[in-house]
Each structure stands twice: as C-alpha cells, then as structure tokens.
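Asker: Start from the sequences and build out the full structure, keeping to the hints where you can.
Chains as they are written, first to last, in my numbering: chain A, 1 to 128; chain B, 129 to 991; chain C, 992 to 1191; chain D, 1192 to 1498.
Keep in mind the hints are simulated off the structure, nothing from the lab.
Watch out, some of these pointers could steer you wrong.
Stated by the list, open to error - Below, a list of computed lysine-lysine pairs in the BS3-like style, where the Cα atoms sit at most 30 Å apart:
(1) Lys956(B) with Lys1100(C)
(2) Lys1100(C) with Lys476(B)
(3) Lys1127(C) with Lys169(B)
(4) Lys1030(C) with Lys1198(D)
(5) Lys822(B) with Lys791(B)
(6) Lys904(B) with Lys202(B)
(7) Lys1127(C) with Lys903(B)
(8) Lys86(A) with Lys621(B)
(9) Lys476(B) with Lys1001(C)
(10) Lys650(B) with Lys169(B)
(11) Lys1030(C) with Lys923(B)
(12) Lys1127(C) with Lys1183(C)
(13) Lys1169(C) with Lys169(B)
(14) Lys833(B) with Lys822(B)
(15) Lys772(B) with Lys785(B)
(16) Lys855(B) with Lys833(B)
(17) Lys650(B) with Lys86(A)
As the list claims (entries may be wrong) - One side of the interface only, derived from the structure: several residues of chain A facing chain B at Cβ under 8 Å:
(18) Cys74
(19) Gly75
(20) Phe78
(21) Leu79
Cβ coordinates follow ideal geometry from the N, Cα and C atoms, glycine included.
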Amino acid sequence: MEVRWDAAVSGSRFWSEQPPVEPPMIAASNHGWIDVRVWPFGILADSRIERPIMLELGDGFTLRDVINGLEARCGAEFLDGMLDGKGELISHCRVFVDGRMIERLEQPVPSGPQADVEIILLVATEGG
Amino acid sequence: MNTAAPEFAVAADDAWVPSSCSLCYGSCSILAHRVDGVVVKIEGNPESVVGKGKLCGKGVSGIMTHYDPNRLTKPLRRTNPKKGLGEDPGWKEISWDEALSELAEVLKKVRQDDPRKLVVQRTTTVTAGRTPFQTFAAAFGTPNFSVSGGGQHCGNGAHLISGIMHASWSVVPDFAYCNYAMYFGASKGHAAGHASCSNMGLAADARARGMKMVVVDPMANFAGAKATEWVPLRVGTDAALAMSMANVMVNELGMVDRPYLQARTNSPYLIGPDKRYVRDPESKKPLVWDTAANAARPFSEVAAADMALEGEFFANGVKCQPAFMKLKEHLLKFTPEWGESVSTVPAKNIRRLACEFATEARIGSTIMVDGVTLPYRPVAAVAFRGNQGHMNSTYNFFAVDLLNQLVGAADVVGSCLGFNPASKGFPETGRPRYVPTADEDGLMVTGMWMGYHYPYPAAEPRMPKNLGLQDLFVMGMTSPFLNSIDQEELWQKFEVPYRPEVLINFGANLMMSIGTSEVVAKSLERYKFIASFDLFLTETSQFADIVLPDASYLQSTDSRSNFPFIFSLPGGMGEWCWPIRQEVVPLDGEQRRFSEVLLDLADRVGMRADLNAAYNASMNLQTPYRLEGDNAYTFPEICDLELKNNFGPERGLEWFKEHGLIKWKKQPEEVYWRPFVDVRVPVYWEFMVSMWEKINAICEPRGVKIPQEYYDPLPDFLPCRSHLCQKSGFDFYAFYYRDTIHTNSFTMENPWLDEAAELDPFSYYVAIHAEVGKKKGLHDGQLVWVESEAGRKVKGRIRLTQAVHPEGLGIAACAGHWGKGMPVARGKGVFFNELLELDFDHVSPNNLNLDLCVKVRVTPVEV
Amino acid sequence: MRYGMVIDLKRCIGCYGCQLSCKAENGTPPGVFFARVLKQEEGTYPTVNMLFLPVLCNHCEEPACVDACPTGASFIWEDGTVDIDPDQCVGCRSCMMACPYGNRYINDKPQHYFAQGQTAFEQARTGRHQTEVVMKCNFCRDRVQAGQDPACVANCPTSARIFGDLDDSSSIVSRLIKERAGFTLHPEMATKPCVYYLPT
Amino acid sequence: MSDSQAKYQQMLIDLRSDFRPQRDWGEGRGLLLVVGHFFVGVAAGGWLMSLIFASSNGLLLSYLLAALGGVVHLGFLGHPERYWRMMRRVKTSWVSRGFVGITLFLVGGFLYLVPVLWPTGLWGGGSITAMLGYGMAAIGMVVMIGYMGFVYTASRAIPFWNSPLHPALYVGYALRGGVAALLVTRALEANLDQVNQLLVLWIAVTVAVTLFYVLEIHGALSSGNAAARRSVHELLAGRVSAYFYGGILLLGIILPAFLVWTGMSGPLTLGAMALLGVASAGGDFFMKYATIRAGVHLPLLTRAGAR
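Answerer: In structure tokens form, the structure reads like this:
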C-alpha cells in the first residue's frame, strides 16, 4: 500500500500566513530623487571612507542600484565581502533600509524622501 | 488592609529567583533560593520546558562553583613578558580602568592596521556568550571567531549535517512517539548534550513506554548502559556499519519510503556521468525523469509520484540515472560481511538491525496529533559527538542520517527530529519566526543557525582571508588552524595576507580542550597580546597578558540564555519556551559581567555605532526596538529591547524578571514541519563535486593535496589515522567521551562534582576490556602510561571492565588539570587531548573536525 | 501512615542528580552522603548492562540502628521516618555498626569543601549540623511537612524516584511495588526496609 | 585540619572499594573503644576470679581496671558530656545494658571493696551497704562479661561480627582476662599458692577461647557472605594479619603456653608468672583489636563487578 507521502497533509496554509506584527509599512514616495545615506559597519567601515556615504538615487530604487552606487564611489574591492561569485548578496551580509531587512538585490526599496541604508557583515562562523 | 511601608516590611530576604543554569550549554531553567543574600539551593524551574523542574547533577551543584574561593575577583596584569608552559606570569592586580584602557589601545591599533588580526574565542559552555561575542567580532570587523575545543572536537560534523538534513543544530529521537531509536556515538538523554536534562526525562519515559534503544558505541557506560541492545564496534567505524545497514535495506529488503524520496529528497534528480545534475538548459533547474510524460523535465514541473527513482535514461544528450539509482548501486559494495570486517559487528547482527529498523519504520503509515494527520515513522537513527569525531567525520554522520532518509523518518512523528527547526514565533508577535526554505535547486536551507554563515548552500571556495581557512574549506566551521602546528606553513601557502596578533578569550581553556598542550602553547605564544575573561586562572590564562574576572551566572542578566530554539530547547511536541537569566546575588569583588565589559570596550575603541548595528542585525530587532546610532545602551537595556521586540511592549526585562520565562503551545505543523514545507533534503550531495574542484584548484598548485574521496556525493567509510597504525604493541584505539558529571574541563574544580567523579567507576579512569587487560598483566587501579605513536604520553589508572570493545580504551571528559589556579581540579582524571596531534593531516579534509581517536600503547608506570 | 520510596532502576541513568540535590538541600559535609549512587556492571561482553543503584536510608520498619542506639537519639517518627535528634546523640557510632546499608555517617570530617574554609553556603547550611554526632537522611522532613517531595525525588530528571505512603494500598508507590515486583536490598537482614527498587 | 582531611580522603577510597572497611571503631579515637573493651573485659573476669580465689588485691586491681575502662570509653565518645543518656535504652540496646552494668559494678564494687581494704572504714564488711555493694558488683560483673559479645552480634553492618558465636567468645576472653589478672596480682604479692590450679584453669579457658575463635573464623568462611570472608582475609592475610599472628597467637597463646609448660614441669618464677599474665592479657587486647579492625561493611551491590 503505497501511501503518497504528502497525502497526509495538503493545501495547509500554516506556513504561508503572514506574521501578525509587521514593522510599519512605509508609503512609497514619489519625489523623483531620493538622497540615500549608506552606513557601512564593521569590516566594511573602512576608516578611509567617511560615514555615511551620500548617494542620490531615483524613485523606486533597488538594492542593486545602491550597490552600483557604492562601487562607483568606493571602488570594487569595497564590495568584496558583500557579494558572492554570482553577484548575489552572501548570506551573512545583512542590509537594512530604515530598519527593515532587505534580502534580494532586485527588490524595490520602499522609502520616504530620505533613506538610511545600513550594511553589515556578520562574519563569525560558529561551532560547538 | 494597609501593607507596611517598604522600609518597615523587614521581611527576611527569602526569594526563589527564576533564572538559567550555566554549568553546561544546556542552560536549563533554574529556581535559585536566596536566603539573607546567600544562594542556598538551586532547583529546576517546574514552569519551564527546559528541564521541566529538574536538574542533572551539575545543575544543582552550581552553588559550589559560584562560591569557589579560587574565583578571580580582580583584573590581573602579567609582569613576566616571557610566555611558555612552565612560565610564571607574575600576576599583578590592576584596576578595571587600567586593564580596559590598555586593551582598548591595543584594539584600536589593530583595528586601524587590520581588524582581522583580532581573534575572538569563546567557550561553548556559556550559551549566552554567543551573541555578545559574535556581534563584538562583527562590529570590530574580524571574521576570526572560534569556539575553541568545544567546537573543534564536537560538531563540525554533527551540526553541519544536522543543518543540511534537518535544518537544526542537532538531532534527537521524537521520544514521545519513537519505538526504535538507534544511537551512534551519542547519549541523547543519558549523559550530556543539548537539552540533556529535558531529554533525560523524555528518554526515560520512552524507555518505560517500551521504546527499543539500540546503542552503537565502543563503550556502554551511558546510553549503552541503559540500551535494550548494546552494539559494540571498533572505534571510528560508524559509517561502515550504517552503510552496510543501508545496503541491506535498499538492496536486500527493498524497504524504502519511495513517496518520501520522490517528494522530499533529491533522489529523483538525474545525475550525469560527471556526477552532477543534468540541468534544463533554459531554467537551469535539475531535471527528473517524468514517467507519465516519459521525458526529462525540470523537477518543479513534475508531480512527485511520477518521478523515476531507478532506471537509466537519456537527457540533454547524456546518459543519466536518478540520484537514488546512483545510491542504490553505490551501496552494493557495502556488504554486511565487509561491514563486519571493518566494524567487528557480526554480519548477521547488521542484517537483523537493518531489518528491525526498516520494519519498525512502518513506511506509509500516518497518525493523528492534535487533530492533524501526519506521516508516522517511529524510528530514529541519531548520532552526535562520538560518531563524527574522526577523519571520516562528514560521512560517519551522513551515513547514519541516510538510514532515516531511506525510510522517510525525518522530522515527522516518532522519527529523527532536528531540534525545533521551524517556529511561527510567539502568537501575538509572530517572532522569532523562522522556517526552512528551498534554494533554486529545491534543496533545503535552514531557517535559523548558530553562526551567520549557513551550512547549505555552502559559500564559494576562494583564496582564504580567514585564519581558520573556512572560506577555502567551506564545509568547515571551527578550525584547527588557529592552533595547529602547521598553521604558519598553510597561511604562507595560501597567501593569507596577515597574521593573528591579539586574542580575546572568553572562558575557553584551549590548552586542554584542543590537542597536545605543547602545540597549543606555541600557537598562544605567537600572539602579541591576549586578554582572557575567566572565572579561574586556567592553564590557558597563564598565557594571557590581562585576565578579567568574570561574574558567575548567578550574577548575570541575559535575555537569550537559551537562544536559539535549535540549540537546547527540547524537540518534539509540547511548548515553546523563552527563559532568561537574571541576577540572584550582586557582584562581589571587582567581578564584572562579560556582556557589559564588551560594551565598555566598544565605547573605548570607538565602535559603538558598529556594535549597535551588529546587535540590530543579529537580533533581528525591528523598529521601534532597534538600537539607534552610537547610543551607549547598557546590556540590560539591550535585553529589554530584544524581549519587547519578540514579545510585545509590555513584556520587557522587568516582566521577564518577574515571570522568568514565557511559553506558548507548539503546533504539530511546527514540530513535524516536513510535510508542510516544500523543501528537499540532499540524499545525493551533488554540490560536493564542484566544491572539490574549486578547493583543489586552489590547494593542489600550492602543494596541499585534497583527497577527492572526501568530497564524493555519496558517503563512504574512510579510515582514521589510528586505523592505519600497524606498530606492534599499539593495540588500543583510545577515544574520549563526555561524562554526565563533568562539563569539558570546567567542573572538575567544583568539589561536589569532583567528589562524585572520584566515586564513579569510570570518570577519572582509563577503561579497557577486562580480559584484554588481564592478558597484558594489568590489574584494576594500576597506574599506566597511555602513549601514542608520536610519543605523546598521559598517565592514568586502569579500570578493567566488560563494558568496552576489546580494542577500545575509553577516557572520560577533558580532565587532568595541572595548573595551580584550580586546586580542586588539579591532578584529577586523565588529560586525553595530550594524545591528539594537531595538524591538517589529522583533521577531516572536508569539515576540518579533529580526528579524536588515537592508536595507543599501554605500559605500567614503574612506581 | 508509613512513608516509603520506590526507585525505578529502568529509568535511573546514574546522573548523580539525587546525590547532589540532597547535598545542596542538606548541606552535608565532605564524605557524608544522605543519598548516593552506586554503579556496577552486569553480564559479560558483549551482553553488558550497567546497574545504577541510587541508595539512601531505607527508613526500616524494624530499624537495627534505633535498637542499637543507647541514648534514644535515633528514633522513628509516627509516619515511619527514622531520624536522629543530634542533641541526644553521644557519638558512640553503634548505629553505624547496626545499619546493614551503611547509610549513617559520623560528622567528623572537615566542615568545608575548599581548603580556604567555609563558603557562604556552608556557613548557612553545613554549619547547622552538630559535629561529632551521627547524621542521616530523614526523607527531607521539612519539605515533606510542607507538602513537597524530598529533594532527591523532586529533582530526579527521569522521575525514577517516587515517594508516598506504603500503608495506603492505592498509593502510586504501593501499586508500583505490586505491579513491578518491587524488591528491597538485603531483605535477609530483617529490618523491613521501606525503599523498594523496581527491576530494570 | 589534615587529620579530618585525611579521614575524608580515606572515606572516598573506602567508598570506591567493593568491601568498605569499618574504621569508626578501632581507628583514631576508635582505638580508645578497643582499649575500653579490653579493660572492662579483664576487670570483669578479674573480679570473678578474685572472688573465687579470695584475692582482695585482685579485687582492687579489677576495680581500677574497670574504672579506667569506663573513663577510656567516655574518651571515645563524640559527646562524653552526654554519657548519662546512655542508660535510656536498656530495653533494646546492648551498649546501654553494658553501660548500666559498668555503672552498677563501679558503684557496687566501691561499696563492697572499701570495708575489705579498710575494715575500720565507714561501714563494716558485713554491713548492709557492703552486702548491697557485693550484690550490685556481682550483677554488674555478669553484665560486663556478657554484654560485649552481643554488641557485636547486633552489628548487622559487619557480617564478620554478626555471628551468634561472639557472645561466647567474649565471655571466654573475659574469664581468660580474669585469670591473667589474678596471675599478675599473685605475682605482685609474691604468693605462689594455688598456682597450679590457676595454670590449669588458664589452659582450660584458653583452649575454650581458641576453639571458639577457630569456630568463629570457620563460620565466617563458610557463611557464603563475601564480606565475612573478606574480613577473615584481612585477619589472616590482610591489613590486620600482623596483630593476629603477632598479637593473638604469639603473645596471647604461644608465649604464655610456653611459660605454663615450664611452670607445670618445674618451679614457676614470679617473673614468669607475671609475664604469663601480661602476655595473655595482651593477647586478649589484640584479639579484640584485630576483630574490630578486620570488620568489613556488608556490600550493597550483591555481586562484585568484573574487578
């Protein structure tokens, strides 16, 4: 009697329900240009680069745009620790825009006229 | 009725304070009884899920560690610049301001020069030390973080593969429903380990209910002692036994859970002659053979039931087979007869065990739990420290977990569970919420992890920037190269652009917990500056320049004494539980809590903004509970923010101090999440093929040969160095194990525990087989030398016993202190790790776990 | 009412939780164990099991120790608990020679574990005991009077220890003894011990 | 401090071993108990013999030994200041009965002895007080002779002692102690009459005692009790074997037997007679000391492990 393995449970929405408390949604602004302040922390915070790094980006900018802006301003090796071989964010590089975590580069970033982008590499490997 | 004004209500001080133990990393919940300012009793907290109102022997003895007069009370500065094993540091008492300002100057200089020159290292015993030290390292900007011996010996295999296959830090049988649990080098509820006290109760209930417990172990003194059947085997040959059993299940009995393999593993993925997935040209997704359409199509577009598991096909112009077929053929060579020759477990037993395991699995059955119908596989093959402490670390553990995967016994009712791999979080806030997800190949990525790197998908191997070379050996977690004898040679070969200069150590006694003390000593002598947080002067703090007196757990506050749930919250149904740790008694002398010292240090180094950002990132703090700018928050304030972030504004630190913990009911969909989450577990590790090529491409030209057999997609038995030693007279495989009464090298200083260990038949002894011992003219209690091939020697007393494999030599715990800072511990037990060579040749080339078994010779000590 | 205890040897894993929670509850000095755990292997390789035997005073119905005691310091409470009144004990140790289970200890050892002297805990708890008298387990009388289980029972992580009234045939202890053929240690000593063990 | 620290370390070693030696009686302060037992035994036997052979000096020596024995007993106690409580459990405790016996003997002996030594004293030899004293002393003596064996029999913790033969053995040794005391008294008085009778009596009692002791050892060996066997091992080939061969055999039996043999076949010098008495008493002491030190606790785990 070959019981199909997922027969026991199908169509459960348990894991797709949205968590009750979401950080306050930020109304997408339409002000043309948004001045973006980028705060690199930890190993990214190179003493030679003054913090925050000011960028001017168009409305509905994505993280990719921020990355390209940083590359232009601080050079390619600045991104060395942030991206993996395929140009994607490595798992332990965390980016927050106005306190909300952004995970994918192509995701448009909702923000008001001004946006604070915090980038940090959590680099520790753990064990034990 | 008016109550007396506070100052008149001179109620005698008599309080039961809910907090968390810290005698081992289990951090069970405690109630500490304080009478007139003195802690007079520590009991379990019946309210808490972690320990369920009970404590093991260590937990109740915490009082005598807290009140140990040998504890440090003042910061110490070294006056003798020379460092070495016998060198007296010449300690001078200094003030905290002197200590921290000097340390801050050193750190500022290093951070300017190259932050990666700082190595941060912590003991695994204090779970609450994880986040403060990881965030300090991240804020400072160094990737060089280590959990010393606790990580190096115990976990690169266990945690890595529990993460890849069960999305958790460790695996445990679902005791409430399991009928047949097979232990490979693990105690799970019989000695130590994750959630050990809770597991003790759960395992005992299961055994009383009739769960059969088959324990595969060279020694039967904990789980083996209570086993329905003890299966002794030659040390380090777990994979041989497990693969032979898998062969019997697949090829002789044909008892496998095909629907599970089709729906929840990468068994159907087609594998080409180059051992890699055959991928759809456009979508790049791995192809499967759709038996309905009789064509190869991307896995995401085929119904699981129609996916072929066996047979040979053509796709994209190449001959290919489903991964399961590769496994099925791969297993053929692991005959039970071969298994017996390697592991000494009789072939007929191997066949019987495999048949029992496959039959008990009740493949295809379901069960109702809390009104939810779920797959029911009441068998579990679990492994832990003993199993993966070998050269063959990855495959020893992977082979055991294969047994679960073949019968579908993975994170379903009664089966092998990861510790809480998925949680929807506290109902009111939905935090902390984590659930495994699928990568683009459909393979499982763990939802929560102890470190910030994830076990899968592994990072791209590259020219290493980490001193531990984990960014080259991407399966490695804790690395031997921070202390190995060949560290300099390897750093040069891989052009690591810097060298370690400063070490911040938190409580780890790596002189005793990693390998030969002489080798570790040399690695410590290379540091320019070492600062060590300690409770006592240990053999390691003798190498420090500054020693900082840490507060004890009864004087500390931590909002995450048990975080995360994958670490030491008991698995299986029941309740989620978030206990905290709070002060029971005030600080005395000039002891300070490490968490607050780190904040002070961050201010002095001028990186408070970075630290705040690191805390935000690692604690996933959401507005309005994020740390702002470079405000100098105190640690209790950070704890308060995290608790409110997870449980709502009215449940901050004060609320938790009063209630001690918060708990809420687990849902069946959380505990048995596999049917609800569309992720596949890699039964065939295809990523190892490209990983080896990239690693070897970097290593081979630099003269470091990476044996390809350690990166084959399917597990195999690969011998340890000890198995290759043929020298005459060396006829014992020495191994060491966790004692139920001791934690690493820490608790021998606790007089109650030391007293109990003195009376224990095995704790401070070298256990060898009674007949074998007598034949060699050894008698019980005799003082002997245990000597490795390389001439490393330790002294110990013999215990003749029937409860060990004839070739085995079992030593308990991490004992054998020689330092004067822990007088009660001094000279107690056997210093096993002195026998361990520490170099690339003695670690798994796959996950860098140290090989913990040694071929030794035993000779009487001439008295 | 006769208090007794049942210890399930199938559940006990020898974690020393009883020995140490007892030591913490009573502040016993070094070398004095109101409760302790004995470990012994059984069988020959490879069919080997380890017997973990937690022992404590058996609070016998006909205690040889109470008979041997010349001063009446050793006595039996109305609920069957065997206890010692330290003010009456003359320290002749006859009871130690009478108890076939060796669960009585003279308090002539050092009154502190660390060489440096008594810790704050020992001043509060060990200091309460008179020296040069015999000490023993009294089933944590204060806890039991307050409606709690003895410390060793309350703390046992595998719930292997059950405390109850042997006179009440419907109590858990009585039923377990019947259902699981509970046995006592050295029954031939005819002291009628009240601590029963359930076979593994 | 090091003494109690040493005791603690020794306790841990003992608790680890299969057969935990009994140290509380016999070691350290416990030695006083053995000495107390010895004196009380010799005193009781001495008083009896002195009555039979009408030796007032013998009575005095026995009384002094009993008093000394009592004091030494108190010296052993943890709380000697509470000694009077030891009479409260006469119904059940042999130690209590022994205590009452010794007290009766000391009081009665005093009342009886005073007029014997100072006829012109406060009360006459034939007075009620003296007769009362004689009665009390007699009862006390009987108890002192008899109770000690039962104390050991009641000790269920030590299988070697827990045998029914002990009372008879200790009665025998008390009598032998008495004969020895009398021999010593007569030697001091340089009074040689009835010496042959004494020697014959000594031989008879010694033979009886030795027979009992052999029976005792045989009983222990054949009892099937591992702890009893271990005690005999300690006695004959273990920790206390020196006291057994040197003390019991050589000093207690062979030397006095040789002296008795010379005494029977020729004139017995006063010195030899005294030496005979002292050696025999010495043998009694070592018998008690060796038996106490050889005591091994009943093991809780029925079968010793593979060790």
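Asker: Each hint: holds or not?
Answerer: Right, here's what the structure says about each hint:
no.	hint	verdict
1	Lys956(B) with Lys1100(C)	holds, 21 Å
2	Lys1100(C) with Lys476(B)	violated, 56 Å
3	Lys1127(C) with Lys169(B)	holds, 19 Å
4	Lys1030(C) with Lys1198(D)	holds, 23 Å
5	Lys822(B) with Lys791(B)	violated, 46 Å
6	Lys904(B) with Lys202(B)	violated, 51 Å
7	Lys1127(C) with Lys903(B)	violated, 44 Å
8	Lys86(A) with Lys621(B)	holds, 26 Å
9	Lys476(B) with Lys1001(C)	holds, 28 Å
10	Lys650(B) with Lys169(B)	violated, 43 Å
11	Lys1030(C) with Lys923(B)	holds, 24 Å
12	Lys1127(C) with Lys1183(C)	holds, 18 Å
13	Lys1169(C) with Lys169(B)	violated, 35 Å
14	Lys833(B) with Lys822(B)	holds, 13 Å
15	Lys772(B) with Lys785(B)	holds, 13 Å
16	Lys855(B) with Lys833(B)	holds, 26 Å
17	Lys650(B) with Lys86(A)	violated, 40 Å
18	Cys74	violated, 15 Å
19	Gly75	violated, 17 Å
20	Phe78	violated, 13 Å
21	Leu79	violated, 14 Å
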